[in-house]
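J.: Make a model of the complete structure from these sequences and hints.
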Amino acid sequence: MIADTRVDVPPVILPPPIPEHIVHWHGRVTGSWWAVLPGRQGPSLIEAVSEEQLAAMVDWHLRVASQ
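The numbering of the sequence shown is my numbering, which starts it at 1 and goes up by one.
Please keep in mind that the hints were generated in silico from the structure rather than gathered at the bench.
Be aware that a few hints might be false.
As the list claims (entries may be wrong) - Cβ pair distances, simulated, as ranges:
1. Val29 with Ser66: 26 to 36 angstroms
2. Val64 with Leu14: 16 to 26 angstroms
3. Ile13 with Ser66: 12 to 22 angstroms
4. Val12 with Gln41: 29 to 39 angstroms
5. Val12 with Gly42: 20 to 30 angstroms
6. Arg28 with Gln67: 34 to 44 angstroms
7. Gln67 with Gly31: 28 to 38 angstroms
Beta carbons: idealized from backbone N, C-alpha and C, even for Gly.
T.: What follows is the structure, encoded as structure tokens:
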């Protein structure tokens, strides 16, 4: 038995990349990742701690907005 081996951990699934039409950036002062998302009632600003988290949030918001 190998003590450090885990076979029950699901694979990491990366979110799709942020679409080119979505304005996004890394804040030098805040250290956060930001994006401006289009919406029915105007644009909204979202913040995330990493680029991967921002990509996941953007993907989720775009999916919800298209429903």
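J.: Does each hint fit the structure? Answer for all of them.
T.: Hints versus structure:
no.	hint	result
1	Val29 with Ser66: 26 to 36 angstroms	holds (33 angstroms)
2	Val64 with Leu14: 16 to 26 angstroms	holds (20 angstroms)
3	Ile13 with Ser66: 12 to 22 angstroms	holds (20 angstroms)
4	Val12 with Gln41: 29 to 39 angstroms	holds (34 angstroms)
5	Val12 with Gly42: 20 to 30 angstroms	violated (34 angstroms)
6	Arg28 with Gln67: 34 to 44 angstroms	holds (35 angstroms)
7	Gln67 with Gly31: 28 to 38 angstroms	holds (33 angstroms)
Violation of the numbered hints given earlier is confined to hint 5; every other hint is satisfied by the structure.
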